[in-house]
Amino acid sequence: MTRRKPIATGSDWNFEILSEFEREIARLADEYRLDTYPNQIEVITTEQMMDAYASVGMPVGYHHWSFGKQFLAVEQAYRRGQMGLAYELVINSDPCIAYLMEENTLMMQVLVMAHACYGHNSFFKGNYLFRTWTDAGSIVDYLMFARKYVAECEERHGVAAVEQLLDACHALQNYGVDRYKRPSPISAAEEARRQKEREAYLQAQVNTLWRTIPGRVSEDVLAGEDDEEDPLGLHAGGRYPAEPQENLLYFIEKNAPLLAPWQREIVRIVRKLAQYFYPQRQTQVMNEGWATFWHYTLMNRLYAEGLVDEGLMLEFLQSHTAVVNQPAFDTPWYSGINPYALGFAIFSDLRRLCESPTEEDRQWFPDSAGSDWRETLEFAMKNFKDESFIQQFLSPKVIRDLKLFMVVDDDQDDMLEVGAIHDERGYRRVREALAAQYALSLREPNIQIYKADIRGDRSLTLRHIQDSRRPLARSVYPVIRHLHQLWGFPVVLESVENDEVVRRYQWPLPDEAARA
Amino acid sequence: MTYFIDRRANAKHKSAVNRQRFLDRYRTHIKRSVEEAVNRRSITDMERGEKVSIPSRDISEPVFQHGSGGKRSIVAPGNREFTEGDRLRRPPGGEGGGAGEGAASDQGEGMDEFAFTLSREEFLDFVFDGLELPHLERKSLADLDEVKPVRAGLSKEGVPARINIVRSMREAHARRIAMRAPIRRALREAREALALEESKDPVLRNPARITELKAEIERLERRLEAVPFIDTFDLRYNNLVNQPMPSSKAVMFCIMDVSGSMTQAHKDIAKRFFLLLYLFLERSYEKVELVFVRHHTAAKEVDEEEFFYSRETGGTIVSSALTMVDEIIARRYPPGQWNLYVAQASDGDNWDDDSVTCRDLLLKSLMPRLQYYTYVEITPHAHQALWEEYETVAAEFPSRFAMRQIVEAGDIYPVFRELFKRRAAGG
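First to last, the protein sequences are chains A and B. Numbered as in the working numbering, the first sequence ends at 588 without a single skipped number. Numbered as in the working numbering, the second sequence ends at 440 without a single skipped number.
Calculated directly from the structure, the hints in this document are not laboratory data. You may find that some hints are simply not true.
[Said to hold, decoys possible] In silico SDA-like links for lysine to any residue, alpha-carbon gap of 25 Å or less: (1) A/K475 / B/K84; (2) B/K84 / A/R576; (3) A/K523 / B/R93; (4) B/K84 / A/K344; (5) B/K84 / A/A400; (6) A/K523 / B/A24; (7) A/K469 / B/P75; (8) B/K84 / A/S513; (9) A/K220 / B/A24; (10) A/K469 / B/E97; (11) A/K469 / B/D99; (12) A/K220 / B/A22; (13) B/K64 / A/R152; (14) A/K344 / B/T15; (15) A/K475 / B/E94; (16) A/K454 / B/T15.
[To be verified] From the structure, some residues in chain A lie toward chain B, with a derived Cβ separation under 8 Å: (17) L90; (18) I116; (19) F401; (20) W405; (21) L488; (22) G498.
[Unchecked claim] Stretch by stretch, here's where chain B covers chain A in the computed footprint (C-beta under 8 Å, at least three residues): (23) 100-114; (24) 336-347.
Glycine included, every Cβ here is placed at the ideal spot set by N, Cα and C.
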């Protein structure tokens, strides 16, 4: 390979140098067949970076105090030097927006371009969750719509009323995802037009559901019922909703009896944004691992071609090593498994076992071992989420390298027990446990709408399907209080394990209800 | 396809609204911190922001989470000595050790407080939140000696420094057009006549007419050139007129008793009180001057350092200080131009007969000219003659004379707040 002159040396950069690097990275990425959205690279100041952090990666967001809290936290951490801002911020949109901070050295800018503009970008475009759940083309428009709509509501109904509502919605936003239907892409203008129609239509629908005089009870219900307490069958007609609903915000939006149309719209906005972030919550390890794998590969290629000098490369290696560092569990700076480290280790190992498989690899990965690494990685990136990705691709070698082990924590046992370690007997169990650790369904309590008593006291009953006796944290009360604000009538939450109600939470609290 | 966009010049503080919303929401928490800070801080230390902590549970955004308990398995890295089936003691503090998973339980340790820093402006906003200066209403314009030059159109006369170049050039241009037009017209006519004459058959030409026309053209061209490019007549000046304006200047007199009975602790309390008042005035007026008058049996105007730190002994004659303030006002701070504030701190001791003098001085001479007079008495003991005499002054000027007692440093801020509490309109 012909070695060329480095594009630039030292740590200073300017726009010409950046675009020249960008062209080279693009050329190499193309060689690896990385499919990306167009890039929009924005150079910003530290302060703007903190702003961007505070709005949790949304380029435009509605106003809410929680973003202010986030900003203050970021600012404080940054000032104390606890946190480097530099690494990256990239937005899943088309074009893909990535931020470069002006204070960064040339090496950091090149690294961030490789990491964000080609790593994350191609992940956003390729991974099935992102393809299903998010619409990169319309997100910025939708955010603009949301911001404008919330601001209008604040003008019409007061900041306090909107804030209260947003608080309640935020508490439930992790339960605002519709897992079975793919949302259809719409633009902001279209959204604004539809919103008007929806307002009228929704209200009409809710009114039907809650009208005071019930319609004629259908014949077959009457025939089938023979209840002493309810001889006329007024309470018959089955449970509503017929099936448990996992999308709490959707259910609220469509069914809460007392919400005004604008309030339903705001519930919808929070729900839509939650849906936009839903894939990110499920692909952290993969996403970061993929981006890290590519910045590492691309930087090494740049060096191999002589486009960067040794100085820059050393600086890069130091930074890269820090990023993929995984402290052991018993060190003071251990704070869980580092997704960069785990993801990078799995992707790198996947490449290794394609290129030079060992006997063990052939046994564990008969399909992948010895295959074309580029295609295998592409396949892994496109078709998995963290949970299934780990289950599928965590190899014994990575388990050994990271010295992973599994501990069983059972509150009926006063000791912890080591369940499996990195040995022949343990690989599969460690892998399963780690995959489960990333399963959203296990990480977050499984809570669904069970029953809305539309013919009785209008109370709403939710069910928490409890698993392995793991109870809900105390935050359950403030959350159901928020839910009660949205629903407007009593809210009950039952924890169910093995078809048996083990705990009941309710709001308003029983004694308050008695007093009222 | 890649675009680079330089956004560095874009507006900063995109989060300013959100930040403000946060501060508003936790107003009561922040106020408590600020109050503590005011009482704790050293005196010169008001000019910076403040770190504020709010208990995390008060600002948490609740979501459904798993609590501790039940059975679960945790995968952690870095195993060195364990083998399968090892049994370990549960690490103290419930979670920790291998249990790195649940983010909430993890961060719960050591992060009980949400800490952030208020900027200086925000800090002072909270310090003076809900307070207002009494009698801040503008003095009636007729009383004001102070004027401000304001632009008032253009004039034909003025000093060169105020020439309005654009307007002057425009006038010159207009004048040139106006003056040249008739000359040009005549010139054009003469040229046409000449051309007509010259196009005639040589036999029919009138040589005398040609010479005449040529002379005419030459004369007109000279005239055209003689039109001046700019003339004094064209010049326009920015006109300024003097407009009376409400005073934005304030002077604050700090009067302190430095007799033997005032200890350093007393002085510190007084100093904090003065400082608060100074900061408060500074927010309302563009310019605030400080005059320090200290007294025992005789009054003296001193600088800040001497005011607070040098020690004196002796008896106390309060009226000496009041007389001095009266003189200083007459000499240096005409009430038409200055908003006058007096803050007096004392332990309440005074020469017996002098308190009456003080009262008369205040009632007759000082109070009519002052915006506000505050008196703080720093003493745990019973009031003496001075307090009683001052009470009559307070009765006479209820809205402009305020007096309070301070026993210990913790009282300063509450007393200050009480003195300057925003009153309902008309009160």
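- prompt: With 8 Å as the cut and Cβ atoms as the points, is A/L90 at the interface with chain B?
  reply: holds, 6 Å
message: Next pair to validate is A/K523 with B/A24; report whether the Cα-Cα distance is within 25 Å.
response: violated, 49 Å
message: Can you confirm whether the C-alpha distance between A/K469 and B/D99 stays at or below 25 Å?
response: Measuring from Cα to Cα gives roughly 23 Å; hence the hint holds.
- request: Report holds or violated for chain B covering the region 336-347 of chain A, Cβ cut-off 8 Å, minimum 3 residues.
  value: violated (count 0)
task: Mind checking the alpha carbons of A/K475 and B/E94 for me, to see if they're no more than 25 Å apart?
output: Since the Cα atoms of A/K475 and B/E94 sit roughly 10 Å apart, the hinted pair holds (cutoff 25 Å).
field: Pair hint outcome, A/K475 versus B/K84 [Cα-Cα no greater than 25 Å]
entry: Within the cut-off at roughly 23 Å; holds.
task: Take a quick look at whether A/K469 and B/E97 sit within 25 Å of each other, Cα to Cα.
output: Within the cut-off at roughly 18 Å; holds.
Hint check: 8 Å Cβ-Cβ cutoff, A/F401 to chain B: holds, 4 Å
25 Å limit on alpha-carbon distance, applied to hinted pair A/K220 and B/A24: Judged against 25 Å, a Cα distance of about 19 Å means the pair holds.
query: B/K84 and A/K344: Cα distance at most 25 Å?
result: Violated: B/K84 and A/K344 sit about 34 Å apart, past 25 Å.
- prompt: Given the hinted pair B/K64 and A/R152, is their alpha-carbon gap at most 25 Å?
  reply: Given that 25 Å is the threshold and the Cα spacing comes to 12 Å, the pair holds.
- request: Answer holds if the nearest beta-carbon of chain B is closer than 8 Å to that of A/W405; otherwise answer violated.
  value: violated, 11 Å
Of the numbered hints stated above, those contradicted by the structure are hints 3, 4, 6, 7, 14, 20 and 24, listed in ascending order.
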